[in-house]
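Keeping their order, the protein sequence lines are chains A and B.
Residue numbers for the first sequence, in this note's numbering: -10 to 101.
Residue numbers for the second sequence, in this note's numbering: 1217 to 1328.
These are computed hints drawn from the structure, not numbers from a lab.
Backbone N, C-alpha and C fix where the C-beta goes; we use that ideal spot for every residue, glycine too.
Be a bit skeptical, because a hint or two may be false.
Stated by the list, open to error - When the alpha-carbon atoms are kept at most 25 angstroms apart in a straight line, the in silico DSS-like pairs for lysine-lysine are as follows: (1) A/K27 with B/K1257; (2) A/K25 with B/K1219; (3) B/K1253 with B/K1325; (4) A/K(-2) with A/K30; (5) A/K11 with B/K1257; (6) A/K(-2) with A/K27; (7) A/K8 with A/K25; (8) B/K1273 with A/K25; (9) A/K11 with B/K1253; (10) B/K1273 with B/K1257; (11) B/K1256 with A/K(-2); (12) B/K1219 with B/K1253; (13) B/K1273 with A/K11; (14) B/K1219 with A/K(-2); (15) A/K29 with B/K1284; (16) A/K27 with B/K1256; (17) A/K30 with B/K1257; (18) B/K1257 with A/K8; (19) B/K1253 with A/K(-2); (20) B/K1256 with B/K1325; (21) A/K7 with B/K1219; (22) B/K1253 with B/K1273.
As the list claims (entries may be wrong) - Some residues of chain A that are not near chain B, with every Cβ distance over 10 angstroms (derived): (23) M4; (24) G17; (25) K30; (26) L34; (27) S39; (28) S44; (29) R52; (30) C57; (31) H68; (32) P72; (33) E73; (34) D74; (35) L79; (36) Q86; (37) T89; (38) V101.
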Amino acid sequence: DTEVTQTPKHLVMGMTNKKSLKCEQHMGHRAMYWYKQKAKKPPELMFVYSYEKLSINESVPSRFSPECPNSSLLNLHLHALQPEDSALYLCASSQTQGNTIYFGEGSWLTVV
Amino acid sequence: EDKVVQSPLSLVVHEGDTVTLNCSYEVTNFRSLLWYKQEKKAPTFLFMLTSSGIEKKSGRLSSILDKKELFSILNITATQTGDSAIYLCAVEITSGTYKYIFGTGTRLKVLA
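Next up, chain A with everything else stripped away, as it sits in the complex (with noise of 0.2 angstroms):
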């Protein structure tokens, strides 16, 4: 079973709002990752957690906030966001950094 879980699957917020976009999967898998993927364009990276510690961060901007509070579960935090930050964002992860990356369904943002 290679399960991630993502919610809201859809989330609509203003540019002064604070939501957050959590993941979680219980496969025992150690790398858990954020891509952001804008229509018709393929996944960019933006973190990495590796045994629960941020392995990479891909110079995103500061109002995208990661958090891993434990193996299963990894949040997004969000505020003051901006229009072209709307995209599909994708959790996954990985056994461990190396092995096969599986992905969650997704979370449409749209910033209004």
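Given the coordinates of chain A, work out where chain B should sit on it, guided by the hints.
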């Protein structure tokens, strides 16, 4: 600069046709190449290739890697309308840590 290029960008075929999708790469520290299928949601994993010349098969789909010429192909035989999707190629590199570089994808449409 590391890059992954997929071709064609889009393709329209009829049911029953055979298609070949291409992925070429120029990266340092290649580790593996992965194929994903993306419909309207998150990418789903198809194949992971690490060794040259060894074909991976799953039903009507097969894939092979050529590490000398730096490319991979994904073949789909007897296409069906359910094969309509974007096919993403991702190359994993190691440079102190592990990262995936995605190609832009091939948009396949299979007509009944």
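What hint numbers does the structure not satisfy? When the structure is compared with the hints, numbers 8, 13, 14, 15, 21, 25, 26, 27, 28, 35, 36, 37 turn out to be violated.
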